[in-house]
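2 protein chains.
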Amino acid sequence: MRTITLKQEMYLWAKQVKTAGHSIGFVPTMGFLHEGHLALVEEAKRDNDYVIMSIFVNPLQFGQGEDYTTYPRDEKRDKKLAEEAGVDILFMPSVDDMYKHKKSIKLMVTEKTDKLCGATRPGHFDGVVTVLTKLFHLTTPNRAYFGLKDVQQFAIVTALVEEFDFPVEIVPVDTVREPSGLAISSRNVKLTREDKQKAPALFNSLLLGKKLIIEGETDANVIIKTVRHYLDQQLGENVEVDYVEILTFPYLEDLSEVNGKVVIAVAVRFFTARLIDNIIVD
Amino acid sequence: MRTITLKQEMYLWAKQVKTAGHSIGFVPTMGFLHEGHLALVEEAKRDNDYVIMSIFVNPLQFGQGEDYTTYPRDEKRDKKLAEEAGVDILFMPSVDDMYKHKKSIKLMVTEKTDKLCGATRPGHFDGVVTVLTKLFHLTTPNRAYFGLKDVQQFAIVTALVEEFDFPVEIVPVDTVREPSGLAISSRNVKLTREDKQKAPALFNSLLLGKKLIIEGETDANVIIKTVRHYLDQQLGENVEVDYVEILTFPYLEDLSEVNGKVVIAVAVRFFTARLIDNIIVD
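If you read the sequences in order, they're chains U and F. Going by UniProt numbering, the first residue of the first sequence is number 1, and it counts up by one from there. Going by UniProt numbering, the first residue of the second sequence is number 1, and it counts up by one from there.
There's no promise every hint is true.
Claimed, not checked - A partial selection of chain F residues facing chain U, derived with a Cβ cut-off under 8 Å:
hint, residue
1, 5
2, 9
3, 15
4, 17
5, 103
6, 111
7, 115
8, 117
9, 120
10, 129
11, 137
12, 138
13, 146
14, 186
15, 190
Said to hold, decoys possible - Pairs of lysine-lysine, DSS-like flavour, derived with a Cα cap of 25 Å:
hint, chain 1, residue 1, chain 2, residue 2
16, U, 261, F, 102
17, U, 225, U, 190
18, F, 115, U, 106
19, U, 15, F, 45
20, F, 15, U, 103
21, U, 102, F, 15
22, F, 15, U, 7
23, F, 103, U, 106
24, F, 15, U, 45
25, F, 115, U, 102
26, U, 115, F, 106
27, U, 103, F, 45
28, F, 45, U, 106
Calculated from the structure, these hints are not laboratory results. Just so you know, even glycine gets a beta-carbon here, dropped at the ideal spot from N, CA and C.
This is chain U alone, in the form it adopts within the complex:
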């Protein structure tokens, strides 16, 4: 595995590989790798000649009061995991190199941001699409891999690629779960032992929602109420349910009657960490 830190070097490597007729799979990350990231690499290796993983904690997608400076970082461990997973190029640019030009043009997400996590993170997805536009241009992938755990990010990246005709295929990868059903996340380590035992309730609540739909329930409000009631019961008083939402997938439009492909998504605020999860039902 080769580590590249300069944009210029990354671009030249990618250009050489593409000109030679090879395909590139791209896995963008903010580092602190876990099994979810490694599942993306595994998919990317299956479909492409070369795999680039980027590790870049993007300041542009953190709001005021968010945890940009304390975001977990472990470069040494990340390098080891990436190499073991079979990554060919680990791209770790500096903030100075990535944002060396004065900004005179802005990318803004004007739809799909007033729901799920976007509602409480103004500007977050502007930062996400800006850094991904740059990374796509620098790595020129045939395919880029995104976990479905952040379903809103997947929906917005899909829109970015469609609306601006990026020559890249966005490949969704299923959420990786612990045997308990708990979705793998960097934040799971922050949970207290007691909360960790409660946390599988998120996925179980989603399975309950799915079951209702499969049994014929079409009223979104009924499903939301049932899922929320289940969460409240399972999690107890000290845990706050941020949201339970049902939206169309992948466009994330509001709906009152369930019809076609939908996503049920939940966010729960434990004392030491906020967790999200979702399930797609067709």
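Place chain F on chain U using the hints.
Then chain F, alone, in the frame of chain U:
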């Protein structure tokens, strides 16, 4: 020459050519071709294995009350001229195909737009960078060619490519002029015979400004006043000088003292057409 109208077909052609190791030069236009466009093709042919020209009158860059519907079009003549100039692929997408997705992400130019022509065309350059982003993705050029006559467009496209790391080199091409010095423009045919005789005054006023700088004048206001006075004298009462500006090149920043590379730019409103011109002085 092959004409392509579908985005998907354009993208697949470009992919095939790039994968085979060939280079692509790209000349984006709104059609109604003249010698200025053909000079871009000539440069593109010199540097690249294949040349793509696009003809697309982009509704997004026309404001309310601007001439989108009456913008001059002559597909038959354009095809003939493009073929004679040696264009390999003429890409003529439809508006429906280009903008088939609902817009949920916006590109906005937030700097460099309050001067020159941008001051009176709000949103114009948002439309320009949006369509160019799409066209760059669809044609994946190694180099793209822009005339310096629209110096503000060149500056903003340069910023687009730098700030978002597009893997494309922007090549500036000098303005093509008639023997009188008049810059070639689709709008010249709209001039009355009398105005056509007066119009070379634009370039002569720029040469006067350049002469002042070379002779040591550094006060931008003095140069602007002298150029404007010359234009007023030469053009007479029925012609309105829209602006005379001196800015840094290529960043188009305001300056009071001339230093380094600058551009002197003028816009003049004749009764039947508005003309622009500029000169770069180092």
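Verification of the hints:
1. At a threshold of 8 Å, the smallest CB-CB gap from residue 5(F) to chain U is about 15 Å, leaving the interface hint violated.
2. For residue 9(F), the suggested interface contact is broken, since its CB lies about 13 Å from the closest CB of chain U, more than 8 Å.
3. Hint status for residue 15(F): holds, given a least beta-carbon distance of 7 Å to chain U, under 8 Å.
4. Interface hint at residue 17(F): violated, since its Cβ lies 11 Å from the closest Cβ of chain U, which is beyond the 8 Å cut-off.
5. Checking residue 103(F) against chain U: minimum C-beta separation of about 6 Å stays under 8 Å; hint holds.
6. Interface restraint check for residue 111(F): the shortest CB-CB distance to chain U comes to about 3 Å, inside 8 Å, so the restraint holds.
7. Contact between residue 115(F) and chain U, as hinted, is not supported at the beta carbon level, the nearest pair being about 12 Å apart and thus beyond 8 Å.
8. Taken as an interface hint, residue 117(F) does not check out: its beta carbon lies about 16 Å from the nearest beta carbon of chain U, beyond 8 Å.
9. Residue-level restraint check for residue 120(F) is violated (minimum Cβ-Cβ distance to chain U is 19 Å; threshold 8 Å).
10. The closest approach between the C-beta of residue 129(F) and any C-beta of chain U is roughly 6 Å, which is under the 8 Å cut-off, so the hint is satisfied.
11. With a least beta-carbon distance of about 4 Å to chain U, the hint placing residue 137(F) at the interface is held under the 8 Å criterion.
12. Interface hint status for residue 138(F): upheld, as the beta-carbon distance to the closest one in chain U is roughly 5 Å, under 8 Å.
13. For the restraint placing residue 146(F) at the interface with chain U, the shortest Cβ-Cβ distance is roughly 16 Å, beyond the 8 Å limit, so the hint is violated.
14. Restraint check, residue 186(F) versus chain U: the minimum CB separation of about 27 Å is more than 8 Å; hint violated.
15. The interface hint given for residue 190(F) is violated, since its Cβ lies 32 Å from the closest Cβ of chain U, which is over the 8 Å cut-off.
16. Proximity of residue 261(U) to residue 102(F) is assessed by CA-CA distance (about 19 Å); at most 25 Å being required, the pair is judged to hold.
17. Note on residue 225(U) and residue 190(U): the hinted pairing is violated, with a Cα-Cα distance of about 28 Å set against a maximum of 25 Å.
18. For the proposed pair residue 115(F) and residue 106(U), the alpha carbon gap of about 18 Å is at most 25 Å, so the pair holds.
19. Note on residue 15(U) and residue 45(F): the hinted pairing holds, with a Cα-Cα distance of about 21 Å set against a maximum of 25 Å.
20. This hinted pair does not check out: residue 15(F) and residue 103(U) have alpha carbons roughly 30 Å apart, beyond 25 Å.
21. With a C-alpha separation of about 32 Å, the suggested pairing of residue 102(U) with residue 15(F) is violated against the 25 Å cut-off.
22. With a C-alpha separation of about 23 Å, the suggested pairing of residue 15(F) with residue 7(U) holds against the 25 Å cut-off.
23. At most 25 Å may separate the alpha-carbon atoms for a hinted pair to count; residue 103(F) and residue 106(U) meet this at roughly 15 Å.
24. The hinted pair formed by residue 15(F) and residue 45(U) meets the criterion: a straight-line CA distance of about 21 Å does not exceed 25 Å.
25. For a cut-off of 25 Å, the pair hint linking residue 115(F) to residue 102(U) stands: about 18 Å separates their Cα positions.
26. Between residue 115(U) and residue 106(F) the alpha-carbon distance is near 18 Å, which keeps this suggested pair within the 25 Å criterion.
27. A hinted pair counts as satisfied when its Cα atoms are at most 25 Å apart, and residue 103(U) with residue 45(F) does not qualify at roughly 33 Å.
28. Simply put, residue 45(F) and residue 106(U) have alpha-carbon atoms about 33 Å apart, too far for the 25 Å limit, and the pair is violated.
Violated hints for the displayed structure, listed by number in ascending order: 1, 2, 4, 7, 8, 9, 13, 14, 15, 17, 20, 21, 27, 28.
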